[in-house]
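Novice: These are the residues of each chain, in order.
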Amino acid sequence: MAMTITEKILAQHSGKSRVEPGENIWVDVDVLMTHDVCGPGTIGIFKEHFGKTAKVWDKQKVVIIPDHYIFTADEKAHRNVDILRDFVKEQSLPNYYDVGTEKYKGVCHIALAEEGHTRPGEILLGTDSHTCTAGAFGEFATGIGNTDAGFVLGTGKTWLKVPPTMRFVFEGKLPPYLMAKDLILTIIGEIGVDGATYRAMEFAGEGVHGLNIEERMTLCNMVIEAGGKNGIIEPDKVTLDFVKSRTDKPFEVVKNDPDAKYFYERVFDLKDLEPVVAKPHSPDNKASVREVAGTRLDRAYIGSCTGGKITDFIAAARILKGRQVKIDTFVVPATTEVACKLNEVKIDGKSLMDIFKEAGTVIGPATCGACLGGPIDTLGRLNKSEVCISTTNRNFPGRMGSKSSQVYLASPLTVAASAISGKITDPRDCV
Amino acid sequence: MIKEKISGKAYILGDDIDTDQIIPAQYLTYNPANAEERKMFGKYALIGVPEGKQGLPGGRTPFVTDGAMQSEFKVVIGGKNFGCGSSREHAPLAIREAGVEIVIAEFYARIFFRNCVNGGYLIPYESKDRLSEIIKTGEEVEVDIKHNLLRNHTTGKVYELKPLGDILPIIEAGDVFKYAKKSGIIG
Numbered sequence: 001m002a003m004t005i006t007e008k009i010l011a012q013h014s015g016k017s018r019v020e021p022g023e024n025i026w027v028d029v030d031v032l033m034t035h036d037v038c039g040p041g042t043i044g045i046f047k048e049h050f051g052k053t054a055k056v057w058d059k060q061k062v063v064i065i066p067d068h069y070i071f072t073a074d075e076k077a078h079r080n081v082d083i084l085r086d087f088v089k090e091q092s093l094p095n096y097y098d099v100g101t102e103k104y105k106g107v108c109h110i111a112l113a114e115e116g117h118t119r120p121g122e123i124l125l126g127t128d129s130h131t132c133t134a135g136a137f138g139e140f141a142t143g144i145g146n147t148d149a150g151f152v153l154g155t156g157k158t159w160l161k162v163p164p165t166m167r168f169v170f171e172g173k174l175p176p177y178l179m180a181k182d183l184i185l186t187i188i189g190e191i192g193v194d195g196a197t198y199r200a201m202e203f204a205g206e207g208v209h210g211l212n213i214e215e216r217m218t219l220c221n222m223v224i225e226a227g228g229k230n231g232i233i234e235p236d237k238v239t240l241d242f243v244k245s246r247t248d249k250p251f252e253v254v255k256n257d258p259d260a261k262y263f264y265e266r267v268f269d270l271k272d273l274e275p276v277v278a279k280p281h282s283p284d285n286k287a288s289v290r291e292v293a294g295t296r297l298d299r300a301y302i303g304s305c306t307g308g309k310i311t312d313f314i315a316a317a318r319i320l321k322g323r324q325v326k327i328d329t330f331v332v333p334a335t336t337e338v339a340c341k342l343n344e345v346k347i348d349g350k351s352l353m354d355i356f357k358e359a360g361t362v363i364g365p366a367t368c369g370a371c372l373g374g375p376i377d378t379l380g381r382l383n384k385s386e387v388c389i390s391t392t393n394r395n396f397p398g399r400m401g402s403k404s405s406q407v408y409l410a411s412p413l414t415v416a417a418s419a420i421s422g423k424i425t426d427p428r429d430c431v
Numbered sequence: 001m002i003k004e005k006i007s008g009k010a011y012i013l014g015d016d017i018d019t020d021q022i023i024p025a026q027y028l029t030y031n032p033a034n035a036e037e038r039k040m041f042g043k044y045a046l047i048g049v050p051e052g053k054q055g056l057p058g059g060r061t062p063f064v065t066d067g068a069m070q071s072e073f074k075v076v077i078g079g080k081n082f083g084c085g086s087s088r089e090h091a092p093l094a095i096r097e098a099g100v101e102i103v104i105a106e107f108y109a110r111i112f113f114r115n116c117v118n119g120g121y122l123i124p125y126e127s128k129d130r131l132s133e134i135i136k137t138g139e140e141v142e143v144d145i146k147h148n149l150l151r152n153h154t155t156g157k158v159y160e161l162k163p164l165g166d167i168l169p170i171i172e173a174g175d176v177f178k179y180a181k182k183s184g185i186i187g
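Just so you know, the sequences run in chain order S and W.
Taking this note's numbering, the leading residue of the first sequence gets 1, the next gets one more, and so forth.
Taking this note's numbering, the leading residue of the second sequence gets 1, the next gets one more, and so forth.
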């Protein structure tokens, strides 16, 4: 019987020749990732159930990346990183990216890929809902809680319900005014924040395979905003070139069976799409940028796992070059590698860093930052009733700080265009 | 063994109650593995729900009153897509620490649902009716787990809940660890 990529990966990891949507199975996990927010609780649960001296199931397969609350004076936040550090030492874990060292990375989902922990055909679980980002590499990746993670730490296993797959096909080529963020916001706007609950979301078509790896990560990153269990893209040369440049570890590419069954299929033609935003207070509250153009803003934010990769900053810099921002604009690279590239990548001979500095933006260190509000002293946090346009992933009430703030989600192009005018602006009106 | 019945005052919420409303990110620095810090999640449970939506319809009934460590409400009833957003297990834990053992919604976001069950925090019932528009905050209700029913003692009406299905064995065992031991998956 034919299977989708998601079904095949789950079958292979459960020791079965086939699985069907709706089936509950136990699977072997290839990589478990945790960070400073959920790590301490996960470690507590692991010790409670497996004993104070218990060892993790496979130390090569555990990856710990502090990234959320790093650049803050909050003492408990620092204490939580200490808990991670102690655990890593006690367990001799090789894959730890410690704060204050050369190994420090920043946002876990981007760091996982940069450090070669995302590989086709594998199962990656992480204590963060945006773990689904790694579906861009043709693997099954999803977010779990502390209890599930504590269980995996001790056993290397978890139970999963096999999701039916929804398939989203993009035909045509991406026009210069659109980004992956527009595509995923269009989908979420159409199917709603619960439109893919308990389902896999697969992205296919010329429009998807024409995207670079980072843009594919943006697509998969936001499937959770539609309730999706995982996002997935069939690996191609772009995937393999990236993965092989980051790791020597062997992996097995899994592809769809030609007659695999989909729960749902939707085909978009890229030439019919336009830049969109998600209005406050839900990622499915879609409007075209033209519809809300002119909305007054207090702040712009470019960063996070969704919108803080080098591709995102190149897009923003194309618009900001030689211009000044009219509102407070924050540039927060996802990882230290992205931060380095801000100095290396140039447009017409000028580095992105210089472009952002000359435009008057505030540039922060690599971290999750204000995407999820965080401690009160987080750079860029919305502490009052500000209106912000952001390249991040969620705009639920209070997501970026104050409950009285308002967040519009948009692509880096739209955010940059809006930063210059101080009001929501279509990037087509800016180039 | 799970209780046969859970009763107390109901607290009503709307659709798409996300984990940032259940426990905002600024409180996530407390470590749930620390007994004293764990209690703080009860104090701040549902503090992110905006005014106008707190306990609907007037929307100004806080779930936990200022200064209290637990809620006077015992059954939380939401609408669609309850618990969407982040994977933070602090969310079901916060509701549990506030003194609640049962939530009822039309349906749940996947990770929140798993966390409720695998961590043994809350019994996540699904309702057949849109109870968030039928029952009012403060009404005395009783959840009959044995028969999958919700009785509204204030109005005398009874509503069917969807059977717990696949998750019942884990709920009966207590959490995923106890379930895995019972079924021989771990030693």
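Honestly, I wouldn't trust all of these hints.
Dumping the calculated PhoX-like pairs for lysine-lysine here, alpha-carbon to alpha-carbon at most 20 Å [what the hints assert, rightly or not]:
no.	chain 1	residue 1	chain 2	residue 2
1	S	157	W	182
2	S	55	W	181
3	W	39	S	76
4	S	403	W	39
5	W	43	S	403
6	S	286	W	182
7	W	181	S	47
8	W	43	S	52
9	S	341	S	357
To give an idea of the chain S side of the interface with chain W (calculated C-beta under 7 Å), a few residues [as the list claims (entries may be wrong)]:
no.	residue
10	94
11	95
12	229
No lab work stands behind these hints: they were computed from the structure.
Small disclaimer: the values here were computed from a predicted structure and weren't measured.
Using N, Cα and C, we set each Cβ at its ideal position, and we do this for glycine too.
Novice: It remains to establish, for every hint, whether it holds in the given structure.
Specialist: Outcome of the hint check:
no. : hint            : result
1   : S:157 <-> W:182 : holds (16 Å)
2   : S:55 <-> W:181  : holds (18 Å)
3   : W:39 <-> S:76   : holds (15 Å)
4   : S:403 <-> W:39  : violated (23 Å)
5   : W:43 <-> S:403  : holds (18 Å)
6   : S:286 <-> W:182 : violated (47 Å)
7   : W:181 <-> S:47  : holds (16 Å)
8   : W:43 <-> S:52   : violated (29 Å)
9   : S:341 <-> S:357 : holds (15 Å)
10  : 94              : violated (24 Å)
11  : 95              : violated (20 Å)
12  : 229             : holds (6 Å)
This entry does not satisfy hints 4, 6, 8, 10, 11, going by the numbered hints stated previously.
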